[in-house]
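Chains as they are written, first to last, in the working numbering: chain F, 1 to 112; chain H, 1 to 113.
Bear in mind the hints are in silico, worked out from the structure with no lab data behind them. All clues stand as given, with none of them false.
Straight-line Cα separation of at most 25 Å, SDA-like style, residue types lysine to any residue; simulated pairs:
id, chain 1, residue 1, chain 2, residue 2
1, F, K42, H, T48
2, F, K70, H, T44
3, F, K42, H, C13
4, F, K42, H, Y103
5, F, K42, H, T113
6, F, K42, H, T30
7, F, K2, H, Q38
8, F, K2, F, M48
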Amino acid sequence: QKEVEQDPGPLSVPEGAIVSLNCTYSNSAFQYFMWYRQYSRKGPELLMYTYSSGNKEDGRFTAQVDKSSKYISLFIRDSQPSDSATYLCAMTTYSSASKIIFGSGTRLSIRP
Amino acid sequence: SAVISQKPSRDICQRGTSLTIQCQVDSQVTMMFWYRQQPGQSLTLIATANQGSEATYESGFVIDKFPISRPNLTFSTLTVSNLSPEDSSIYLCSVWTSFYEQYFGPGTRLTVT
Numbered sequence: 001q002k003e004v005e006q007d008p009g010p011l012s013v014p015e016g017a018i019v020s021l022n023c024t025y026s027n028s029a030f031q032y033f034m035w036y037r038q039y040s041r042k043g044p045e046l047l048m049y050t051y052s053s054g055n056k057e058d059g060r061f062t063a064q065v066d067k068s069s070k071y072i073s074l075f076i077r078d079s080q081p082s083d084s085a086t087y088l089c090a091m092t093t094y095s096s097a098s099k100i101i102f103g104s105g106t107r108l109s110i111r112p
Numbered sequence: 001s002a003v004i005s006q007k008p009s010r011d012i013c014q015r016g017t018s019l020t021i022q023c024q025v026d027s028q029v030t031m032m033f034w035y036r037q038q039p040g041q042s043l044t045l046i047a048t049a050n051q052g053s054e055a056t057y058e059s060g061f062v063i064d065k066f067p068i069s070r071p072n073l074t075f076s077t078l079t080v081s082n083l084s085p086e087d088s089s090i091y092l093c094s095v096w097t098s099f100y101e102q103y104f105g106p107g108t109r110l111t112v113t
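When you get a sec, could you build the whole thing from the sequences and use the hints?
Spelled out as structure tokens, the structure:
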């Protein structure tokens, strides 16, 4: 079993829809959770990070962590065609912070 | 933040040869990382390269196959040696400027024929 599981998609939604991207994980020691966005032929860029459980909002993006269920989500409101990319979840522990474990990514397409 | 450039952006190499990938950062950073990203798979950490010390390799990656240099705080190279088709992948350089703040280069797309 992989430490981090992420549905690869592809996920296609119409412009303006709310998008939900999810990851599950098995290591209860993970404390820090990140979401990266990767456009085609580019490197990943950090979108958001959260610590422990709860929600964090940044503009149209909301990251949610449920440690009891070992489940994290990224919500995108009012989705735009420019949001079309691959989204990777990532997580790590405080004691091994540089050892970031990435999900395989979900490919998202926003239809105009 | 950090801006990272990589050279080459892509290459096609023959089996048995080697490819050296360069990574340049626009600011001094202590920790640099090399990742491999295969189609449909997670980013996999190859090694951590700190200036002034030998690189630390992850399980499944060895120095003979992936020698790394880190001559200063803004530059690193990764060589992929004795290439085989299984080495076809995207190789990414990354730096860590503070906790959670990890930046990636655009990647080098390697195809081995």
